[in-house]
Amino acid sequence: MSTSIALVVLGAFLASAVEMVEALTIVLGVGIVRGWRSTLIGAGSALVALAALVAALGPALRYVPLGSLRLVVGALLLAFGLQWLRKAILRASGFKAVRDESEAFRDERARAEVAGREERAGLDWYSFTVAFKGVLLEGLEVVFIVIAFGSAQRHVAVAATGAAAAFVVVIVAGVLAKGPLSRVPENTIKFVVGLLLTSFGCFWGAEGAGVDWPGEELSLLAVIGFFVAVSLLLVRLLRRRRLVLRAARAEA
Amino acid sequence: MRYLRSFGRFWWSFVVGDDWLVAAAVAVALGVTALLAHHGVNAWWLLPVAVVVALADSLRRESRRS
Chain D
1 MSTSIALVVL GAFLASAVEM VEALTIVLGV GIVRGWRSTL IGAGSALVAL AALVAALGPA
61 LRYVPLGSLR LVVGALLLAF GLQWLRKAIL RASGFKAVRD ESEAFRDERA RAEVAGREER
121 AGLDWYSFTV AFKGVLLEGL EVVFIVIAFG SAQRHVAVAA TGAAAAFVVV IVAGVLAKGP
181 LSRVPENTIK FVVGLLLTSF GCFWGAEGAG VDWPGEELSL LAVIGFFVAV SLLLVRLLRR
241 RRLVLRAARA EA
Chain C
1001 MRYLRSFGRF WWSFVVGDDW LVAAAVAVAL GVTALLAHHG VNAWWLLPVA VVVALADSLR
1061 RESRRS
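Sequences listed follow chains D and C, in order.
With our numbering applied, the first sequence covers 1 to 252.
With our numbering applied, the second sequence covers 1001 to 1066.
These are computed hints drawn from the structure, not numbers from a lab.
A hint or two may mislead.
Output of the computed footprint for chain C on chain D, the stretches with three or more beta carbons under 8 Å from beta carbons of chain C [said to hold, decoys possible]:
id, region
1, 71–85
2, 118–125
Covered stretches of chain C, as calculated for chain D (at least 3 residues, CB under 8 Å) [said to hold, decoys possible]:
id, region
3, 1035–1048
4, 1054–1060
Beta carbons: idealized from backbone N, C-alpha and C, even for Gly.
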């Protein structure tokens, strides 16, 4: 397995894991309060829709020439990955609150407790729609990453396997923990995923634009190293800036 | 029409996110890289540098707002 394929699997696995942890919090919050049948049918329907999306788009993208595909995928990955990286840097430096799964779980439970009961097609409609939307929206990011990573490398099935493995790991961990996975270091994982998305986006985008990277695939590692170093430096600078701002506010 | 608008808004916030300037900078940098490559200049360094500048600028603006 080449380095880039291993990194594609790792990226798909981590992105899927972190999104599935968030989806699990929603499903647990609703299921524990309102019952499991409608909640699981909602979550399952969303998973089927996501799998169908990967199965339909993955093979279709094989017919797009690799150069054009890498340009488009690179641009999308860069725009998308920079969102993840930007938020992770803001969280790591204290400018943005870190997501708290326990708090999200409490909020989800509170909403589920006060929501009215409406039956449609034999289902508790609130449980079904909240679980469906939660899994679908969190899963869409995973599908986007799997298709982008997989299609640009012509290995959609490999990327999908990485994402599916993460899904299994999160479900097993959730069943064992019997609660939200609040000890998962979400921001660190999002930081790594943001770095991978940005690095691959940069590498493929430039390649699609007609660039020949010196050292070919090896330069992907250099690009990753470059973005890691710059991101850590930016976290340091922002932390310092925050301390200065806090001191100035305390003085005022 | 309303459905189309909310569909477009969803994909805009999905791909572009909070700071459209970052996405615009990426698009311009890719365009310039392609233009240079077309004229025989192998500007492999341009995109990583542009990405870092766009990211740092976005973070600077966000930290000023906070």
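To see whether the hints hold, each was checked on the structure:
1. Here's how the region 71–85 of chain D fares: 10 of its residues keep a CB closer than 8 Å to some CB of chain C, so the rule of at least three is met and the hint holds.
2. Figure legend: the region 118–125 of chain D, annotated as covered by chain C; annotation inconsistent (0 residues with Cβ-Cβ distances under 8 Å, at least 3 required).
3. Against chain D, the region 1035–1048 of chain C contributes 8 residues with a C-beta closer than 8 Å to a partner C-beta. That satisfies the three-residue criterion, and the hint holds.
4. With a threshold of 8 Å between beta carbons, the proposed coverage of the region 1054–1060 of chain C by chain D holds, since 5 of its residues qualify and at least three are required.
Checked against the numbered hints above, the structure breaks only hint 2 and satisfies the rest.
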